[in-house]
Structure formats: C-alpha cells, structure tokens
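Protein sequences appear in the order of chains A and B. Quick note: the first sequence, position 149, residue 149 per my numbering, numbers continuous. Quick note: the second sequence, position 281, residue 281 per my numbering, numbers continuous.
The hints are simulated quantities; they were obtained by calculation from the structure and are not laboratory data. Incorrect hints may have been included.
As the list claims (entries may be wrong) - In silico EDC-like pairs for lysine to aspartate or glutamate, Cα to Cα no more than 16 Å straight-line: (1) B/Lys8 <-> B/Asp438; (2) B/Lys419 <-> B/Glu344; (3) B/Lys2 <-> B/Asp447; (4) B/Lys155 <-> A/Asp286; (5) B/Lys266 <-> B/Asp307; (6) B/Lys156 <-> A/Glu237.
Everything numeric in this text was worked out from a predicted model, so none of it was measured.
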Amino acid sequence: MASSPVKNTYPHRHILGIEGLFPQEIAYVLEKSEEYVAQNRRADKKINLLYGCTIINLFFEDSTRTRTSFELAAKRLSADVINMSINNSSINKGETLIDTAATLNAMHPDILVVRAGLSGAVQLLADKVNCSVINAGDGGHEHPTQAFLDALTIQRRKGKLQGLKIAICGDILHSRVARSNIYLLITMGAQVRLVAPKTLIPAGAENLGVKVFHTMEQGLEDCDIVMMLRLQTERMEGNFFPSIREYFHFFGLDYKKLSVAKADALIMHPGPANRGVEIDSEVADDFSRSVIREQVEMGVAVRMACLDILSNNLKTEREMHPNEA
Amino acid sequence: MKRNWTPKQPGKITQDKAYVNVRLLDPASNFDMVCDSTGGLITRGEKVSEIGPKIFENGISDDIEVIDCLGHCLIPGLVDMRVQVREPGYEHKETIESVGLSATAGGVTTIVCLPNTKPIIADASQVEFLARRARKIGLTKIYPYAALTANLGGKKLTEIGLLAEAGAVAFTDGDKAIENAQVLRRALSYALTFDLLIVQHPEEPSLVPNGGMNAGETATRLGLPGIPREAEIIMIERDIRLVEMTGGKLHFAHISTSESVSVIRKAKEKGLRITCDTAPPYFALNDQTIGEYRTFAKLSPPLRSEDDRKAIIAGLKDGTIDAIASDHSPQDADSKRLPFTQAESGGVGLETLLSVSLDLHHNGNLSLLEVLEKITNRPAELLNLPAGKIEVGSAADLVIFDPDFGWQVKDTDLVSKSKNTPFDLRLVQGIVRRTIIDGRMVYKSEDE
C-alpha cells in the first residue's frame with residue numbers, strides 16, 4: 001500500500017497549525033508518514049528526494065528533541081539543513097523576528113522550520129517570506145507536527161482514530177501540544193476529554209468540542225488513550241496548584257488512576273516527562289502500555305512527510321508562478 | 001443558677017432515653033410539634049431512634065430513662081461556623097477544653113474553628129490534632145477550617161486538596177482578607193476542582209486604619225480613626241466578580257453593612273454560588289455601644305450604624321444572609337484593658353449565640369424556626385457537616401432550652417477563659433437547660 005502513490009490532498013504552502021484543516025488533509029499527512037516509518041526501519045534510510053533543497057531550523061526557544069527530529073528528517077531526505085538557535089532573552093522580539101525573516105528570505109531557503117516562544121510569531125514570520133514554513137511550536141498556540149505524530153502512533157496501534165476515547169491530562173492551559181491534538185483528534189472523529197484542575201483548563205475549553213473533567217477517576221474512565229502533558233512550571237506565574245506533592249497525588253498518572261481506563265489503554269507523553277510530577281516512573285516505563293518511545297520514532301517519519309509534502313507543493317507553486325520567488 | 005458539665009466518657013450507652021413533654025423543633029424538616037407525656041423523642045445509643053407525637057401512647061417501658069423537658073423546646077444542637085479556639089498557641093485566651101465548656105453552655109454542639117492558631121492549621125497533622133483533642137475532651141465537636149494561603153500570607157495556596165482529604169471543611173485566611181485578586185481568582189478556580197468552599201473576611205485592608213471603629217458620628221466625637229463601610233462593600237463587590245469569572249464557591253463571613261446585604265442579594269439572584277453569615281453583634285448592637293471607649297465592643301468588622309443593623313435583620317429575614325455564627329474571638333484582659341486604639345478587636349459569643357439570636361424571634365422579626373435554621377441546619381449545609389438536624393438515625397446532638405426565661409449577661413459568669421463579651425449586662429430571653437452530644441447529656445442548668 002505504501003508503494004502506491006497517494007493523491008496529494010494537502011494543498012497548502014505552510015504547516016502552521018491543525019485548526020481549520022480538513023480530515024482528508026490530515027489523513028494525507030498520516031498516509032505519507034506511514035511510508036516513511038517503513039523507510040526509517042530499513043538499513044538504507046536515506047533517499048535523494050530533497051537533494052538541493054535548503055532547510056533552515058530556526059529555533060527561538062530551546063529544544064533538543066524537536067530540533068534533532070527535524071534535522072534528522074531533513075538529512076534522511078538529502079536536504080541541506082542549517083540550525084539557527086536564537087536566544088530569546090537577548091533580542092527585541094517583534095523587530096528582530098521580521099528582520100530575521102527578511103534576512104533569511106534573502107538567502108532563498110526552501111523550507112523554514114520555526115519554533116517561537118510567543119504565540120502567533122510563526123504565522124507572522126510566514127507572512128514575510130517566500131518559502132514554506134513549518135511551525136515547530138509557537139508559545140501556547142500550536143505544535144502541529146506533534147499532533148500528527150501522536151495521531152500516527154495511535155492509528156498504528158488502534159487501527160483508527162474515529163470513535164476512540166482519548167483523555168488529555170494535565171497542564172492544558174499552557175500546552176500547544178494539547179491544542180493541536182484537540183483540533184486533530186476531534187476533526188478525525190475521536191472523543192476528546194480534558195482532565196486537569198480547574199486552574200489548568202483554559203477558559204471556554206468546552207466550546208472546543210471536548211468534555212472537561214477535574215478528577216482522573218472520572219476523566220480516564222473507559223478511555224483508549226491517556227495522553228499526559230508536561231507540567232510547564234516555567235510558564236506559570238504562581239498558584240495554579242499548591243505543590244508538586246498535591247498535584248501528583250490528584251493528577252499524576254499511576255496504576256491506580258489508570259485502572260479505570262480500558263485494559264489495553266495506551267499511555268502517551270510528548271516528552272520530556274517529569275517523573276513523579278505528572279507521571280509515575282513505573283507507568284512511564286511499562287512498555288506494554290507506554291508508547292512514549294514510539295512517539296519519538298513516529299516524529300521523524302511525520303516530519304519527513306511534512307518536508308516532502310511542502311517541498312512538492314512549493315515546487316508546483318513555483319512552476320506556476322516562476323517570477324515570484 | 002446551678003450549672004453542670006459532664007464531659008463524654010468513652011464506652012457505649014446502654015440505656016435508651018425518652019424526651020417527653022416537649023416542643024420539638026427541627027428547621028431542616030420544618031416541624032414544630034408540641035408533645036405531652038405521650039410523645040417526644042427517643043435516643044438509642046448515640047443516635048436518635050424515634051420521633052413522634054404519639055410514640056408513648058401505650059406507656060414507656062421501664063428500661064427507658066424518661067426525661068421530662070417541662071414543655072421546653074428540644075432542637076438540634078447548634079452549629080457555629082466561626083469560632084476562634086486559640087489552642088494551640090494562645091492558651092491564655094482559650095483552650096479546646098474551655099471552648100467546649102463555653103459552647104455546650106450555649107447549646108453549641110458543633111463548632112468550626114479558624115486556622116489562625118500557632119502553628120496555623122495548614123497541614124494534615126494540625127487537622128488531626130484538633131480532631132483528636134476535641135474527641136478526648138468530650139465536649140463540643142470541632143471541625144477545622146484550614147488556611148487558604150501559606151502562613152496566612154495571602155500569596156501562595158496551601159495544599160487544599162490534601163487538607164480536605166485530611167478533614168478540613170473549608171478554607172480561609174481567618175480574620176485576614178485574601179487581598180490579592182489573582183490569588184483569590186486562582187484559589188476559587190482551583191478549589192472548584194474538588195468543589196471546596198472558600199470563606200472570605202471581606203475587608204479591603206488598605207481602607208482600614210489601625211485601631212479604628214466604624215467611620216461616622218460616634219468615631220468623630222470620640223476622635224477615633226474611622227473604618228469606612230466601603231472597606232467591606234468594595235471587597236464583596238470585587239469578590240462577586242471573581243466568583244462570576246471562575247464559577248467558584250465563596251462564603252462571606254460576618255457581613256455588617258446594608259450594601260453588603262444588597263449586593264449579595266443581587267449576586268444570589270443571578271445564581272452565583274455565594275453565601276454569607278453575620279454575627280449577633282451586627283443585628284443586636286450598633287456603633288453607639290462603644291459609648292465611652294468600651295473595648296469589649298471593639299470588633300472586626302466594627303459595629304456599624306443603626307441603619308446597617310436593621311438591614312442585616314432584613315437580610316436574615318429574606319434569606320440573603322444564610323447563617324448566624326458567634327464569631328467567638330476570645331481576648332484576654334490584657335489585650336482589652338488598653339486605650340481603644342491599642343486594644344485587640346473581637347468578642348466572645350458562644351454562650352450568648354442562642355439567647356441573643358432569639359431576640360429576632362421575641363422582637364417579631366423572624367419566626368422561631370427561621371432563627372433556629374440560621375444556627376443549626378443552614379451552617380451545617382454550607383459546610384456539609386453531619387449536624388444541625390433531628391432525624392431518625394442521625395447523631396443525637398440536641399439542646400433543650402427555655403425560650404422565655406429572662407437573664408442578664410455578665411462577663412464574670414462566662415465560662416470561656418476570656419470574658420470579652422460585647423453583650424455585657426444585656427438582658428436576654430431564652431436559656432439553655434440541657435445540651436446532649438451523641439446521646440449523652442454533657443451540660444445541664446437549673447435555677448437554685
């Protein structure tokens with residue numbers, strides 16, 4: 001199946017977020033990703049698809065995992081990849097972001113992979129350049145490739161997304177991962193529940209089409225997937241919860257809390273996990289339940305698919321309008 | 001008057017007791033029933049086992065102890081939702097034992113104590129200490145509030161989920177307002193996770209001068225700094241907005257002004273989860289009680305104007321004010337025998353809670369059942385306590401009182417360790433004759 005060419009149903013220049021995508025667009029990215037899962041497991045992982053293509057990883061926020069995953073994805077497709085890490089605190093963000101965009105644009109890159117600490121910054125940058133842009137996470141807004149890789153992980157294990165009961169637990173308020181996952185999973189017909197103390201549920205969350213719970217006992221009941229989020233204490237200014245001890249007692253995932261979920265429920269975490277804060281080590285390391293490492297593997301495949309799709313779209317676009325680039 | 005206390009002893013009660021010749025009142029089930037010697041109530045062990053006007057129609061069996069209530073009122077034991085116990089840390093003002101003597105003399109079988117002891121009630125071991133001490137002393141039942149913020153500092157939340165599991169019934173910073181709006185917002189929101197109640201002392205601290213009384217004519221004549229009524233109103237108005245924003249559950253303690261009543265009334269009409277209480281001084285006294293610098297009448301919030309007092313009564317009548325709490329705040333003589341500005345604020349109230357509240361009935365403001373509801377069933381409901389009503393199977397926490405007996409409050413007669421009553425020398429009507437906790441009579445008074 002992977003060898004038969006799939007019709008491109010993702011017609012956009014950028015991947016900035018999941019919100020607003022149609023089911024067939026998401027499905028196409030996932031199908032493409034499947035092909036790369038197979039390729040990554042072969043001894044010969046590298047292909048020449050993006051030979052001569054320039055990709056810049058522009059990271060305004062510290063990241064090891066995501067940046068490495070994107071870099072590896074680009075290299076496996078034979079692209080020329082450059083990593084730029086720009087320290088957040090030392091620059092005046094508004095002005096420099098657009099300056100940086102103009103500077104980089106002058107170098108004629110093909111794809112920019114951008115992570116920014118501020119919500120909306122990647123969109124702003126995308127408006128100023130002539131190449132494709134992938135959002136690798138912007139503030140508390142979206143992290144679309146994480147949602148794709150989570151969906152791919154689930155779909156491979158459960159054979160579907162439609163109808164699954166999925167609990168997203170923990171620091172929803174500060175999480176771009178949660179937002180992208182909510183949009184994607186709901187678009188694909190899953191039933192999404194949010195489980196967190198009231199202080200960590202963003203206002204109006206119910207309007208996103210999810211159910212909100214404030215106890216793990218109720219929230220995890222009968223779930224197929226338990227998706228834990230990292231508690232982003234660095235983004236918190238006080239009093240979202242009293243202490244780590246209390247947080248773990250009521251919201252940390254352990255076997256007792258997990259027992260109300262389905263017997264074959266999978267545990268996911270976007271990493272890096274705070275052990276003893278949002279997840280018990282015993283649970284995180286239980287490879288019969290935890291697919292945390294598989295998520296990392298799917299990450300590379302998903303990002304290869306994204307680079308593939310966008311470079312293809314960009315090529316078509318440039319063929320149609322040769323003078324604009 | 002002869003008064004006797006018999007603290008509860010461990011062990012089972014073997015004999016059933018029949019309370020006859022009695023007027024049974026229970027606000028929770030809205031019954032008010034006069035029974036002669038053929039009706040009344042039976043307790044078996046620690047529980048109420050039978051209630052009814054004709055349960056002794058065929059006589060009473062010999063193995064039941066019969067208690068003739070002389071036609072007096074038999075009601076659920078009082079539930080007082082705002083008491084400062086002072087132990088541990090301030091045992092020279094009050095102890096768990098002296099508060100128990102005082103409470104039972106006032107017909108109070110359940111009290112809820114503020115966390116402002118030393119150490120502050122802010123961890124599970126403190127919650128358990130109180131419960132254990134109260135059980136051992138065997139007088140009134142004690143449930144604790146726990147601190148809402150660390151060190152009552154108004155900044156960092158305590159572990160309210162874990163504290164609630166340990167037995168804290170609600171969360172408050174005691175006689176300190178939660179001043180920071182963001183802290184209260186987060187607290188209301190977080191507490192909702194476990195559906196917990198927060199209790200606010202509504203007073204904007206920046207408007208409260210040191211050592212003041214209610215701002216107005218009396219303060220001006222006495223040359224004392226004035227605490228404006230707006231200090232309370234502003235805080236209540238702000239907090240209502242925060243409740244509206246978060247959907248949280250907030251209780252305002254001891255409200256004292258007419259505008260407080262009207263803004264809370266409006267908030268309740270909107271369906272917000274807001275409740276409130278007041279204390280007897282705010283419907284029975286006004287700021288003129290201070291007279292010539294009487295420090296026993298220095299309270300927090302301060303005694304207000306006559307118009308406020310009348311509005312508080314109207315708020316009690318129409319249900320805006322849910323409960324009456326004694327706001328028992330013992331202060332030793334050294335804290336009160338000072339120039340007004342330097343004296344501590346607060347008054348004791350456990351022993352006068354019922355008698356002064358009955359004024360509302362004797363004066364024709366509220367029916368007897370309406371008054372009793374505010375000091376029994378309603379506060380128990382607000383805090384989810386298993387108390388404040390008479391029903392078959394419930395704990396036999398009962399009070400027998402003579403509603404018409406007149407007496408004079410004297411500070412020296414109080415059994416509280418501190419004597420600072422704002423009602424000193426007041427003539428009141430209605431006295432507690434017996435207080436029964438878990439089926440055992442722990443307090444009895446008789447005329448000599």
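The hints, checked one at a time:
1. For the suggested pair B/Lys8 and B/Asp438, the alpha carbons sit about 9 Å apart, so the restraint of at most 16 Å is met.
2. Of the supplied pair hints, the one linking B/Lys419 and B/Glu344 holds, its CA atoms being roughly 13 Å apart against a limit of 16 Å.
3. This hinted pair checks out: B/Lys2 and B/Asp447 have alpha carbons roughly 6 Å apart, not beyond 16 Å.
4. A threshold of 16 Å between alpha carbons decides the hint, and for B/Lys155 with A/Asp286 the separation of about 39 Å lies outside it, so the pair is violated.
5. For the suggested pair B/Lys266 and B/Asp307, the alpha carbons sit about 19 Å apart, so the restraint of at most 16 Å is broken.
6. For the given pair, B/Lys156 sits about 11 Å from A/Glu237 by alpha-carbon distance, which is consistent with the 16 Å threshold.
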